[in-house]
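Participant: Here the structure of chain A is known, so what remains is to put chain B in place on it, guided by the hints.
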Amino acid sequence: MKEEKKNPFKAMGRGFANFFKGIGRYFADFGKAVVKGDAGVKCSLLFMGAGYTFKGQWLKGIFVTLIEIAFIIMCIFYAAPNLAKFGTLGTVQREAVFDPLTMQQTVNDYDNSFLILLNSIIALFIIVCFILFYIYNIKACYELQKQKEFGQHIETNKENVKSIVGNKFHLTLLSLPTLGIILMNVIPIFVLIAIAFTNYDQNHMPPNKLLDWVGFSNFKKLFTEGMGNYFGYAFKKILGWTLTWAVLATLTTFIGGILLAMLINKKTTKLPKMWRSLFIVAIAVPQFVTLLLVRNFFGDQGIVNTICSNIGFTDWLKSIGLVSSHLNYIPFLTDPHWAKFMIVIINIWVGIPYQMLIATGVLMNIPTDQLESARIDGASKWKIFWKITMPYVLFIQGPALITDFVKNINNFNVIYLLTQDVYITPDQALANANAKEVDLLVTWLFRLTNEYYNYKMASVIGIIVFIICAVFTIISFSKLIAGDREEEYQ
Amino acid sequence: MAKTKKIIGSIVSHIFLALLVVIWLVPILWLVVTAFSGYPGINKAHFFPTSWSLDNFKKIFLHPDSVVQYMTWFKNTLVIAIFTCIISTIFVLMVSYAFSCMRFKGRKKIMTFSLILNMFPGVLSMIAVYFVMKSIGLTNSHLGMIIVYSAGSGLGYLIVKGFMDTIPASLREAAKVEGASEFTIFIKVVIPLCKPIIVYQIISSFLIPWGDFVLAKLMLNSGISSDWTVAIGLYNMLNRSLVNNYFSVFCAGGLLVSIPISILFIIMQKYYVEGVTGGSVKG
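Sequence lines, in order, name chains A and B.
Per our numbering, the very first residue in the first sequence carries number 1; after that it's consecutive.
Per our numbering, the very first residue in the second sequence carries number 1; after that it's consecutive.
Next up, chain A with everything else stripped away, as it sits in the complex:
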């Protein structure tokens, strides 16, 4: 048990083994139900409600059969026509012909590749769900048969209806939220994956043009360089900056937050609540307001530049070579190096109050007896900080730190709001791939779709970021679940 906690990957391996064993058992149970089932169970292989109806639960039987009928209708009129074209994504291109008789444009019966793609994915999803439901249904009928054989009480129709708000209430509760999650979180992921294997871009926009499957060529484009392909070069640069940024942003705000929290919590500090509230005010203002404001604050002709040039700071920076001599301002957000530096600094400004709030909560929960005994033993302040405070904070905040790292990989707001419309890349190769030095993978992805309609490359980037996030998420998750306190109270 202890070993499992120490090594999340070992635990994961065991989890996978159990997972496959579980699948094996799942189908074995299904086979058993079919073989050993009575006439009712066997009939429900064809008419799904039969098993219930034979045992007197005709209401449930009708309901389940209705679902089956609805599924068959769905298959004929929705799934089949779409899935038939899924292999080619449609063959008939849209053509508009001017009809001189009616004086109107007539459009032929064209294939909309994107709708075929989307509908096929939804149809496949429904089919998989139905198969799972079908297997579950056979097993449930077999259970019912066993109950009857053992002479147990079989629920009446009335009791069946009552269970919707009774012992089956969780199904009622979870159905709508699950539907929403499937629509917003699950289907989009599959669509994203599918688009990465097509040629969906500015030159192939449905409904006017057809899409085609292109295999792994988009992936290849992202990972290789040369021959007029700048994506490989841009990807390497942006991935490097994304990871550097995520590490810098996470560590600076984390450490800064702890230090600020300790400074405010010090016994000698008067009015700690007031100090804390002042910092909270800075983050209570919506981020898009503060970030857009700060962007103008540090603009090339902005107020900070005016002040810096008045006090001679700009000239001093010029003299030590940090600002090139032909400029008469500090290029805070327009020079590649300055912009990266400023983004990290501004993010510290945005992030520290949040971290301070969390660190305050954590620090207040440090077991005081440990601190006291260390103090009595004559440990120095530094020693207490490194040997007691930091390990404790890291223990509590470790998983949150990894989550923060993932969030920073995807920190769209800070980068986009600070640099969009302001920063223009001097690197022609990057510009050819529609990227900038300061872009994160997500902002690159966003601009590829929103400005350049290059959906295929954006989808590939999306998949890559997904994989990166998944690795870190699973590491952090195996630790987070350990903090679950559900059984403690109940």
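By construction, these hints were calculated from the structure, which means they are not laboratory data.
Ideal Cβ placement from N, Cα and C applies to all residues, glycine included.
Everything hinted at is true.
Only part of the chain A face toward chain B is listed, based on derived beta-carbon distances under 10 Å:
#: 1; residue: Val-165
#: 2; residue: Pro-188
#: 3; residue: Gln-420
#: 4; residue: Ala-470
What the simulated footprint calls covered on chain A by chain B, stretch by stretch (three residues with Cβ under 8 Å from a Cβ of chain B suffice, anywhere in the stretch; the number is not a length):
#: 5; region: 112 to 125
#: 6; region: 251 to 265
#: 7; region: 274 to 280
#: 8; region: 287 to 298
#: 9; region: 440 to 451
Facilitator: Structure of chain B alone, referenced to chain A:
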């Protein structure tokens, strides 16, 4: 000797704190004073405006033009926020009750799976979300925005479920003995006890549409400014061609939206800590 050293140390740390506060509040101060300036554009030479007036607020409230339709945006965002907040709160309560108060097969597995799913940043699948919404014709509509913000909200159940876990099971069992169904227990026993966390849930889901920029920018892309939310409207004012004429108006608008949002944020910030540390720390 030690005492004077302590006093000096305390004074130094107070001065340092004050300095930090100044750094953190300078941009906010700039927002406030610029909002009250006597000209619509940006003043590059002075921190404090050279003339003061309420013109920017007047423009927002009384003289909307094609660029500034603040009241319409505010109304749009408010409508979206209210519906998002109702749907999300109901969804989260439903999911939390199912996971916290009921025991069924596969519960732990579903919980784990949904937690992992929730950790993936929504920014990533947003293009695909956009496509899904476009194919059902819900881009550029407020209904679409409400769906985008609230449909997946069931995944964010962790904090509310953590709170429900602290409600003694004996209360529910007593109700069950008296013949109450799970539905009755949910409505009459558990929800009344969850009031503080419901307040948190309402506020935090209400704040989402006010703070969101990226999804709104992607979904409401028609360029018709009366459809926008506050975030996109204000962003648009800082367009290169507009910033010199609208910067102070932006500040006034930003200030107006910040006041209610800040108050709500400050009310709910004590739960924020609990959410981030996964409930291992009480805020």
